[in-house]
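Take a look at the letters that make up each chain.
Protein chains: 2
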Amino acid sequence: MGRFLDFASDGKIQSLAENKLTIDFRKQAIVGLGMRAKKIISVREQIADALRSDIISGDLAPNTKLNEHQLAERFGVSRGPVRDVILKLTKEGLLVSKDNVGSSVNSPLTPDMQKLSIALRKKIEEFAAKQLIDTITDQELEHLESLITKMEELFEAGEFTELTKTDIAFHQYYVELGGGDSLLNIWYPIVIRMRMNYHRIKNADKLVDEHTDIVNAFRARDYKAAVEAIRKNIK
Amino acid sequence: MGRFLDFASDGKIQSLAENKLTIDFRKQAIVGLGMRAKKIISVREQIADALRSDIISGDLAPNTKLNEHQLAERFGVSRGPVRDVILKLTKEGLLVSKDNVGSSVNSPLTPDMQKLSIALRKKIEEFAAKQLIDTITDQELEHLESLITKMEELFEAGEFTELTKTDIAFHQYYVELGGGDSLLNIWYPIVIRMRMNYHRIKNADKLVDEHTDIVNAFRARDYKAAVEAIRKNIK
DNA sequence: TATGTGTTAATTGTTAACAGTGTAAAGTAT
DNA sequence: ATACTTTACACTGTTAACAATTAACACATA
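Going down the list, the sequences are from chains A and B.
Numbering-wise, the first sequence is residues 27 to 261 according to the numbering used here.
Numbering-wise, the second sequence is residues 27 to 261 according to the numbering used here.
Hints may contain errors.
If chains are identical, the list can't say which one is meant, so a pair holds when it fits in one copy or spans any two.
To be verified - Cross-link-like lysine-lysine pairs, in silico, DSBU-like; alpha carbons within 35 Å at most: (1) K261 to K124; (2) K250 to K91; (3) K176 to K124; (4) K156 to K91; (5) K176 to K232.
Think of the hints as simulated: they come from the structure by calculation, not from any bench.
Note that the coordinates shown come from a computational prediction; the quantities given were computed from them, not determined experimentally.
Given the sequences, and given the hints that come with them, work out the whole structure.
Structural data, given as structure tokens:
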């Protein structure tokens with residue numbers, strides 16, 4: 027019996043006593059019954075996502091050492107997929123690894139590096155905006171708006187980690203639209219590492235307004251306005 | 027018996043008949059007898075390095091599909107480490123992977139993306155220069171000079187793939203000096219992907235002069251000159 | 001005490017077998 | 001012929017056992 031079916035029958039994987047983390051695989055792994063084909067997400071991506079959440083939320087503090095065996099137990103898989111994820115997150119910059127010793131959670135960026143990252147992010151997202159401004163479809167604009175709505179809800183619910191991830195998803199969506207996987211590949215390590223720093227967002231209105239400005243600029247196919255909105259949002 | 031001893035006694039791993047690639051593991055894996063401790067490089071890093079060479083050189087053309095089993099045979103290891111390397115190179119942008127299907131060599135960057143990459147690289151390397159300009163040591167400067175010498179030799183020998191890799195190593199060295207692993211992590215995927223494009227370097231003098239200008243600016247602790255030299259070299 | 005050398009337990013690295021998935025050829029019906 | 005199924009096979013994904021390495025500790029030595 028395959029892993030996916032295991033998850034489907036179990037639903038929730040037992041959480042580690044130590045840090046009380048719980049993941050619901052069923053939510054995303056199963057195809058909905060109401061004819062809506064929810065995207066199937068690989069086991070490895072789900073583990074990666076859970077670990078990213080733990081790091082962004084601070085549940086896994088910087089310098090925390092990860093144990094492959096423990097992680098495998100927590101997610102109910104063998105060490106193989108766990109090692110894959112560790113490799114991935116190491117390349118993303120969330121973890122640091124040392125041969126034959128292990129991996130641990132990376133430290134937040136220094137202020138200097140943070141400043142550079144902001145500058146690079148702006149350049150990348152402005153580039154993406156230029157590429158997509160003439161071709162973005164109504165459907166794509168609607169998707170971006172739905173992400174803004176989701177951010178609002180998550181803010182109200184106080185789910186700051188998910189909020190941060192949705193914020194990233196918003197930007198990721200149009201970065202990929204504009205530059206495809208190639209652009210995403212250089213954008214992602216910059217952004218994910220930046221997000222190790224700010225764990226909470228204070229102002230909901232600003233959050234919504236800034237992102238709405240971006241969408242509106244896209245809709246108006248106004249590159250200059252898009253650049254301005256992006257610059258204002260990235261900080 | 028361990029892998030390293032296998033490599034040490036065998037020396038060369040038999041190459042794949044198809045593309046006649048040969049790797050000499052012994053060269054780097056063995057500690058020199060003359061009191062010089064050559065750095066030991068993990069099996070995975072050696073495989074990654076070989077594969078990067080194949081892609082940069084063009085021996086593995088864009089869209090070529092990789093077969094894990096074949097690669098494992100070629101390097102005389104099992105599929106495990108090979109999968110690790112594939113994951114790594116995918117994150118670096120040299121390969122593209124699809125779940126349950128496999129991975130293949132990525133395409134060169136579009137001109138637009140190439141232009142953006144150049145701009146980002148400049149920003150990153152200028153940042154590194156600023157960070158290291160006051161603290162770089164004579165020994166570190168000498169190392170950079172030795173890399174320039176190596177580039178000259180490789181050019182004379184017509185070893186263009188190794189030349190490209192040494193060029194990368196030169197920049198990598200000072201990027202890491204200035205910004206550590208964090209900076210390297212965002213710099214590397216940009217650079218390695220750029221290098222899929224230009225396979226040969228025509229002018230040896232220019233190559234040497236441009237890099238020498240960078241080192242000289244570092245030595246003079248002249249940030250402005252360093253920026254200028256870097257800007258001139260990156261294109 | 002300070003230094004260096006086994007020894008051991010914990011952890012990562014590697015392997016080979018097995019399970020699951022996608023692809024393309026062969027077959028079937030319209 | 002064309003479109004749709006079926007099936008076989010090659011390939012990737014996962015697992016659990018085994019190997020190699022590390023770091024910490026105990027011990028010996030000066």
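Checked hints:
no.	hint	in the structure
1	K261 to K124	both (32 Å within a copy, 33 Å between copies)
2	K250 to K91	neither (45 Å within a copy, 41 Å between copies)
3	K176 to K124	between (38 Å within a copy, 29 Å between copies)
4	K156 to K91	between (42 Å within a copy, 32 Å between copies)
5	K176 to K232	within (15 Å within a copy, 54 Å between copies)
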